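Here are the chains, one letter per residue:
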Amino acid sequence: MIDAFSLHNKKILVTGASSGIGKIIAEKLSEKGATLTITGRNELRLRTTLENFNGESHQSLIADLTNSTELLSLAEKTDRLDGVVFCAGIVQYMPVKHLNLSSLDEIFDVNFKSQIALYQQLHSKKKISQHASLVFISSISAVSAVPATLAYATSKAAINSAVRVLASELSKLGVRVNSISPGLIETPLLENTFLNKEVFEKNAVKYPLGPGKCEDVANAVIFLLSDASRWITGTDLIVDGGYMLRQ
Amino acid sequence: MKLEEFVNSFADQFELTEKDEISAQTEFKMLDEWDSMIGLSVIGMVFNTYKVKISGEDINNAVTIVDLFELVQSKSEIE
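Order-wise, the sequence lines are chains A and B. First residue of the first sequence: 1, per the working numbering; consecutive thereafter. First residue of the second sequence: 1001, per the working numbering; consecutive thereafter.
The hints are simulated quantities; they were obtained by calculation from the structure and are not laboratory data. Mixed in with the good hints, there may be bad ones.
Cβ pair distances, simulated, as ranges [to be verified]:
hint, chain 1, residue 1, chain 2, residue 2, range
1, A, SER102, B, GLU1015, 19 to 29 Å
2, B, VAL1063, A, SER102, 25 to 35 Å
3, A, PHE108, B, LYS1051, 31 to 41 Å
4, A, PHE108, B, GLU1018, 36 to 46 Å
5, B, LEU1031, A, GLN59, 52 to 62 Å
6, A, SER161, B, SER1074, 39 to 49 Å
7, B, ASP1035, A, ASN160, 27 to 37 Å
8, A, ASN42, B, GLU1005, 37 to 47 Å
9, B, VAL1063, A, THR69, 14 to 24 Å
10, A, GLU106, B, LYS1002, 26 to 36 Å
11, B, ASN1048, A, ARG164, 47 to 57 Å
In silico lysine-lysine, BS3-like type, Cα no more than 25 Å apart, as pairs [stated by the list, open to error]:
hint, chain 1, residue 1, chain 2, residue 2
12, B, LYS1002, A, LYS97
13, A, LYS206, B, LYS1002
14, B, LYS1029, A, LYS172
15, A, LYS126, A, LYS113
All values reported here derive from a predicted model rather than from experimental measurement. We put the CB at the ideal spot given by N, CA and C, even for glycine.
So here's chain B without its partners, still in its complex pose (with noise of 0.2 Å):
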């Protein structure tokens, strides 16, 4: 598991946000398009591509996107 892909993925899930705004130190939920409609798509998109199940309050819990990442890193593992 990538970092550089899981940021990516993570990025996929904006739809008016270019990529180019967002990187693995991103403080996602600052960004003007962030809502729990993207929350929502991020723990299907983790998911449907890691099989990882992650929860409103992870999300919620994370600030940047490698916080994230690290997350369902220790969770893919485990499992």
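Pulled out of the complex, with its shape left as it was, chain A reads as follows (with noise of 0.2 Å):
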């Protein structure tokens, strides 16, 4: 029997691998069969995440996406992909009050502007199959109006708005493009910021199932990859235990 949400024989491009979410994706896409380029910026950790795929004929390729060198090679060397999943990001809270737009514009880079670069480098090189799936990790902060989250939510957001733009340009090719929209889930992400702890105790009791884990995120990123999905297209999954019922 055929099964529809198998990844097998599809060559799958992961950004943002080396750590959180994306490190967790990466691995369960190699365990549903996927042969896997990663990429990241710190060598050390993308090469322990390579260390735990299943399976042979796996790469790491290192690349700041924000640096257009970096992107250009990442593409050269890219194999043509079956899928690629969005996931690099960086977040920030602070009070609009107190932002400053250079972090703005980090922030946007890295979330937004150089996702959508790298497509355009897969694509005008050829490296984008057709009837390929690009996902791409979006948030509930697009819509959720948590404060001091502004840089990250509307980044989010511009990449909820790239992703229906995008699904429509690319429908002719069969490419189909979605987002996934998690809530709020413990990665290295968090770390560091001060409303790490505060924000997890107070907003446990706001997931009517309860806190997420990465695995939640990475199941609905390899539905969206596999052929179970071939008739979705310019979609957000919300992937969020029920959050945003209560908004």
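Please assemble the complex out of the two chains, which come individually in their own frames, going by the hints.
In structure tokens form, the structure reads like this:
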């Protein structure tokens, strides 16, 4: 029987794979049979991720996607892809009145512009197969209006909008484009932020199904990359344990 | 870097608390209006004004405004 959820023989690129959600997603994709190219900024962490993979023939390519030369090199070295998971992201909590415009630029560069730039390079170098699936990791922050999250929230809202436009542009190639909006998930992204502990304790009660794990997001990614979702494009899949029900 | 200026900038982060309620020796986390948003505002003020990065833990460890002033002062001398 053909498993529509299998990723066997699919070549998938995962950005932001050296830590957090990206790392767990990459590991789960390897378990489902995907052949992976992972990229991130930290060589050592990227290598550790690679060691945890099932199977052979995966590769890691170090790249800072905000650096156009490194981005170009990544796109050149990548095989032709059946899927891309755009995971790279940074967060900063700051009330708007103190939001430094250069840090706003930095967050947009990493969370939004570099992801779009990567897509552009992959497409122009013919690295995206027909019927490929592009999955962007967004966030419920884009719409949940949590104080002190303007930079992160707007960068993710930009992703949501880009997904719909891209889905529209790429439909004639059979390429599907979707996003996933996770709720708050404990990852290194949240370490070293003032709100970490407080947000977690306060927010835990807001999730009807309890707190989420990276694996919950990874499973949604598997679905959107697999043929099981072949008729789904331009959507945002909320993976939040019911958080948005209470908004 | 002057203590008086620092206390004044610190007090500016509060929207509802009168400035005369805040002095160098104030145990700021005891103020009614204190919350994590004001904590973040203090981090932002310190970075934008003094070009020094302080963490949430630094704020958690400080009791009075002088404690934070001294921390920021030592960090700005190092950097």
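Hint check:
Under the hint 19 to 29 Å, the C-beta atoms of A:SER102 and B:GLU1015, about 25 Å apart, fit the expected range. Checking the proposed 25 to 35 Å range against B:VAL1063 and A:SER102 shows it holds: the Cβ atoms sit about 32 Å from each other. At roughly 22 Å, the beta-carbon separation of A:PHE108 and B:LYS1051 lies outside the given 31 to 41 Å, and the hint is violated. Checking the proposed 36 to 46 Å range against A:PHE108 and B:GLU1018 shows it holds: the Cβ atoms sit about 38 Å from each other.
Here the CB-CB span from B:LEU1031 to A:GLN59 is close to 55 Å, well matched to the stated 52 to 62 Å. In this structure the supplied range 39 to 49 Å holds for A:SER161 paired with B:SER1074, their Cβ-Cβ distance being about 45 Å. For B:ASP1035 and A:ASN160, the Cβ-Cβ distance of about 30 Å falls inside the hinted range of 27 to 37 Å, so the restraint holds. Our hint of 37 to 47 Å for A:ASN42 and B:GLU1005 holds, since their Cβ atoms are close to 39 Å apart.
Restraint check, B:VAL1063 to A:THR69: a C-beta distance of roughly 49 Å breaks the suggested window 14 to 24 Å. For A:GLU106 paired with B:LYS1002, a C-beta distance near 31 Å keeps the hint of 26 to 36 Å intact. Remark: the range hint 47 to 57 Å for B:ASN1048 to A:ARG164 is contradicted by a beta-carbon distance near 36 Å. For the hint pairing B:LYS1002 with A:LYS97, the CA-to-CA distance comes to about 23 Å; that is within 25 Å, so the pair holds.
In summary, the hint linking A:LYS206 to B:LYS1002 is not supported, as the alpha carbons are separated by about 43 Å, beyond the 25 Å threshold. Pair hint B:LYS1029 plus A:LYS172 does not hold up; C-alpha atoms about 58 Å apart against a cutoff of 25 Å. At roughly 20 Å between alpha-carbon atoms, A:LYS126 and A:LYS113 fall within 25 Å of each other, so this suggested pair holds.
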